[in-house]
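Chain residues, written in single-letter form:
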Amino acid sequence: MDHILVAKNVTKTYGDYTALSNISLQIPENCIYGLLGPNGAGKTSFIRIINQITHQDSGEILLNGEPLAPKHIASIGYLPEERGLYKSMKVGEQALYLAQLKGLSKSEAKTRLKYWFNRLDIGDWWDKKIQELSKGMAQKIQFIVTVLHEPKLLIFDEPFSGFDPINANIIKDEILQLKENGTSIIFSTHRMESVEELCEYIALIHKSEKILDGKLSDIKKAYKNNIFDVAVQMEQDVEAFMKSLEQKFNILSSDVDIIEKQLNFKVQLPSSNTGDILRELSKVANINKFEETIPSANDIFIQTVNSKDNGK
Amino acid sequence: MANKLGLIIKREYLAKVRNRSFIVMTILSPLLMVGMIVLIAYLAKVNDDETRVVTVLNESSFFQNDFNPSKNISYVHLDDLSLEQAKDSTTALEYYGLLYIPNEPTVEQVAKAAYLYTKDNPNTSVTQELENVFHTQLRQDRLQKLGVTSEQFSSVEERFEINLSTFDGERSMRGINEIKAIIGGGFGYAIMMFIIIYGGFVMRSVIEEKTSRIIEVIISSVKPFQLMLGKIIGNSLAGITQFSIWIVSASALLFVAVMILGIDLSAFSADGAVQAGPMGGVSQLGGMDSEMMMYAKEIYDIPWGLLIVSFFIYFILGYLIYSSIYAAIGAAVDNETDTQQFIFPIILPLMLAIYVGFFSVFSNPHGPIAVGFSLFPLTSPIVMLMRLPGGIGEGGVPLWQFLLSVFILIFTFWGIVSLAAKIYRTGILMYGKKPTYKELIKWLRY
Numbered sequence: 001m002d003h004i005l006v007a008k009n010v011t012k013t014y015g016d017y018t019a020l021s022n023i024s025l026q027i028p029e030n031c032i033y034g035l036l037g038p039n040g041a042g043k044t045s046f047i048r049i050i051n052q053i054t055h056q057d058s059g060e061i062l063l064n065g066e067p068l069a070p071k072h073i074a075s076i077g078y079l080p081e082e083r084g085l086y087k088s089m090k091v092g093e094q095a096l097y098l099a100q101l102k103g104l105s106k107s108e109a110k111t112r113l114k115y116w117f118n119r120l121d122i123g124d125w126w127d128k129k130i131q132e133l134s135k136g137m138a139q140k141i142q143f144i145v146t147v148l149h150e151p152k153l154l155i156f157d158e159p160f161s162g163f164d165p166i167n168a169n170i171i172k173d174e175i176l177q178l179k180e181n182g183t184s185i186i187f188s189t190h191r192m193e194s195v196e197e198l199c200e201y202i203a204l205i206h207k208s209e210k211i212l213d214g215k216l217s218d219i220k221k222a223y224k225n226n227i228f229d230v231a232v233q234m235e236q237d238v239e240a241f242m243k244s245l246e247q248k249f250n251i252l253s254s255d256v257d258i259i260e261k262q263l264n265f266k267v268q269l270p271s272s273n274t275g276d277i278l279r280e281l282s283k284v285a286n287i288n289k290f291e292e293t294i295p296s297a298n299d300i301f302i303q304t305v306n307s308k309d310n311g312k
Numbered sequence: 001m002a003n004k005l006g007l008i009i010k011r012e013y014l015a016k017v018r019n020r021s022f023i024v025m026t027i028l029s030p031l032l033m034v035g036m037i038v039l040i041a042y043l044a045k046v047n048d049d050e051t052r053v054v055t056v057l058n059e060s061s062f063f064q065n066d067f068n069p070s071k072n073i074s075y076v077h078l079d080d081l082s083l084e085q086a087k088d089s090t091t092a093l094e095y096y097g098l099l100y101i102p103n104e105p106t107v108e109q110v111a112k113a114a115y116l117y118t119k120d121n122p123n124t125s126v127t128q129e130l131e132n133v134f135h136t137q138l139r140q141d142r143l144q145k146l147g148v149t150s151e152q153f154s155s156v157e158e159r160f161e162i163n164l165s166t167f168d169g170e171r172s173m174r175g176i177n178e179i180k181a182i183i184g185g186g187f188g189y190a191i192m193m194f195i196i197i198y199g200g201f202v203m204r205s206v207i208e209e210k211t212s213r214i215i216e217v218i219i220s221s222v223k224p225f226q227l228m229l230g231k232i233i234g235n236s237l238a239g240i241t242q243f244s245i246w247i248v249s250a251s252a253l254l255f256v257a258v259m260i261l262g263i264d265l266s267a268f269s270a271d272g273a274v275q276a277g278p279m280g281g282v283s284q285l286g287g288m289d290s291e292m293m294m295y296a297k298e299i300y301d302i303p304w305g306l307l308i309v310s311f312f313i314y315f316i317l318g319y320l321i322y323s324s325i326y327a328a329i330g331a332a333v334d335n336e337t338d339t340q341q342f343i344f345p346i347i348l349p350l351m352l353a354i355y356v357g358f359f360s361v362f363s364n365p366h367g368p369i370a371v372g373f374s375l376f377p378l379t380s381p382i383v384m385l386m387r388l389p390g391g392i393g394e395g396g397v398p399l400w401q402f403l404l405s406v407f408i409l410i411f412t413f414w415g416i417v418s419l420a421a422k423i424y425r426t427g428i429l430m431y432g433k434k435p436t437y438k439e440l441i442k443w444l445r446y
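Those protein sequences? They're chains A and B, same order as listed. Residue numbers for the first sequence, in the UniProt record's numbering: 1 to 312. Residue numbers for the second sequence, in the UniProt record's numbering: 1 to 446.
Quick caveat, the hints were computed from the structure, so don't treat them as lab data. A couple of the hints might just be wrong.
Said to hold, decoys possible - With a cut-off of at most 27 Å between alpha-carbon atoms, the simulated DSS-like pairs for lysine-lysine come out as follows:
#1 B:Lys4 x A:Lys71
#2 B:Lys4 x A:Lys114
#3 B:Lys119 x B:Lys45
Pulled out of the complex, with its shape left as it was, chain A reads as follows (with noise of 0.2 Å):
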C-alpha cells in the first residue's frame, strides 16, 4: 500500500518540554486518518510539522516519499484548531487571498470559489465582511479556503467545532465525498463519535508518545475480550439457571426477569469460541440475541490512556 505521509522518529521539544517523542507513522493514500489523543497531547505540533509551520528536531518525515520541502506547501490544506480570518476583509477578497497564497492564480481561484460557494448555498455572501457573519458560517468559508487548492493531503484540526449539527452534517458529506476523490485526509479530534463514524485509521498520542496505531477495525478486534451480550426466554427456573451459568461461566452483569421469564447478561468467555455457551443455552432456553461486544473507539480510547498513565 502507498503511503502519502510517512514519519521517522519525530521529536520535537520546546525549552525542557517535550512535545513529541520519537513519533513514527505511516498514513496511507485516499483514506481518513484519525489524529486521536487528549488535549496537550501533542497532535498539534505534530501537524504543525506537517505544514512546516516548525520543524523537528530529529527524525523525518515523508510525503509522497519524499522529504518535507516547501514546495509541498500547496499541496497540503490545513484546516487548523485556532482558526479566523480578517475580520473587517469582505468575504470574497479574503477566500481570493488566502488561495493566491497558496498558489492558486487569481482567475482560477475565483472560478473555483463561485463553485463551492454556490455548492454549500453561500455565492450571496461575497461581499460580506467577515464580523457580519455569524460564528458557523465563518467556519464554512474556511472550510472552503482550505480544500479551494485540491490538496492531496487534507489536514482537519477538530473541524466539527463551532458547526451546529446540520452544518456539521454538511461538512462531515463534504469530507466523505473528498476522501471519495481521492483526498488523502488526517482527522484530528479528541471527539470520539466522529472518529467511529469516518476513520478507517487512527494514530493514538499521550503525552508526546505514540501510544497506538493502525486499522480502526484492526485495532477493535486486538481490544475485543470474548464478551458477549446475551438475551433468552425460557419456561423453567430462571433464577435456578441463572445460578447454574454463574458456575460455568465468567458472568459479568446479568439482568433477571421473573414475571417475562427473560434473561439478559454479559459474559466473557475464555476463547472466542461460543460453542459450550451456545449449546448450553439452547437445551433450555429461545435464544433472543446474542452479540459480541466490539469495545467503541472512546473505550479504547480512555483503556490504553488509562493503563498507560497507571503503568508509570
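For chain A, the structure is supplied; the task is to place chain B on it using the hints.
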C-alpha cells in the same frame, strides 16, 4: 516566493488605507496641523500687540528722558502727585504698574530707593527692561566718576561683533550651524514620528492576526518571516502614502491660509535660528540685502542631494529595525494593553536621540557626544541626519564616521531582524500567556 510577498504587501497596504480611521486621520491631520499653525501665529500676533502701560512718578532730577516707549512698555509720566495719589490713579486707570523714583542726591541712591508697584508679580520682561534703564544710567554715572565723558561713554557702549570666516576664506554666518541642525533635525524628527506611528501600525496588525486567529491559516502557506516582512513593507507604504498626502495637502492648505488670513509666518522663524544673526530676524529686513543673500547661499550650499539620499538610507534601515521590534512585540502579546512594558524601551532611544540631537548637536555637531550617538545604531538615524547638513568631509562629518555608522546600522538591522523574526515566529502561535522578558529570551532558542 516573491509573488507571495507581493500579495502580502498588497493586502496589508489595502487593509490599512481602506481602514476608516486611517482615512479620517489622513484627511483630518493636515486640517488640524494647519489650524494649529494658524492659531499659534494668531496668538503670537495678539501677544505681540499687547503693550503694557507703566506710569512713572519721577521726583528726582535723573532719568528725565530715559523711559522711552518700547515694544513691551509704554510710559505715562505723572507729575506733581503724591505717591498715594499716583498709586490710586494707576489702579483706577488699570495700568500695569507704577514706577516710583524718589528724590535723592545721587543716581546710586535714587536707584536704590526706586520701587515698581504692580497688582500681581510683575512680568520679567517688564522688570528687565526697567532694570536695563537703571543699569545703563548707573554705569554711565560710575564711569563719569572715573573721568569718562558721556561722548566717550557712548563710544564705549557701541556694540561690537566679531568678523567670521572659514579657513578657506568664505565669510561664516552666525546661526548657520543652527539652521543646518534644524534642517537635519527636521529630517530626524520625521523619522522618529514615522517609526512611532507606523511601527505601531505594524504591531497592531500583528496583534489583530493573533486575536482573529487567522495567523495559523496564513503561516501554513507562507513563512512567518515573509509575513512579517510583508507586513512591515505594506504598512510603511501606507505610511508613506499618508505622509505624502499630509505634506502636499498641508502645504496647500497653509498656502491658502496665509493668502487669506495674511498671517506673518516669519513669527515662527524669528525665534528660531535666524535671530542669532547680526541683523536680527529676517522679517525685519526690508529687502534682500547682502546678509540675506549669504544666508540664502548657505542654505543653498547645504548638500541637499546627500541629505536626501542619506535620509532614505537611514530612514529605511532605522524603520526596518524598529518596526521589526514592534512586530516581535505584537507577536509576543495577546492584546494591546500588554504592550506597554515593551514599548517604553523602544521609544527611549528615539527620545534620547532627539534630545541629544537638539542639545548637543546644535552646539557642537562634531563633538564626542554627537559622534557617539551618530554611530550608535538605535540613535544614528536621527542624530547623524542632524549632523549631515554640514556635508561629508572637511568641515562636516568625516567620511569614516558616515560609513561606519551606515555599516553598524546594516549589521544591527540584520541582527535585530533575525532576532525579532525568531520571537515573532514563536509568539504568533502562543496564546493566553503574558510574556516576560525571560520568556522572550527563551523563545530565541527554539
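Hints, verified against the model:
1. Proximity of Lys4 (chain B) to Lys71 (chain A) is assessed by CA-CA distance (about 13 Å); at most 27 Å being required, the pair is judged to hold.
2. Restraint check for Lys4 (chain B) and Lys114 (chain A): the C-alpha separation of about 23 Å stays at or below 27 Å, so the hint holds.
3. For the proposed pair Lys119 (chain B) and Lys45 (chain B), the alpha carbon gap of about 25 Å is at most 27 Å, so the pair holds.
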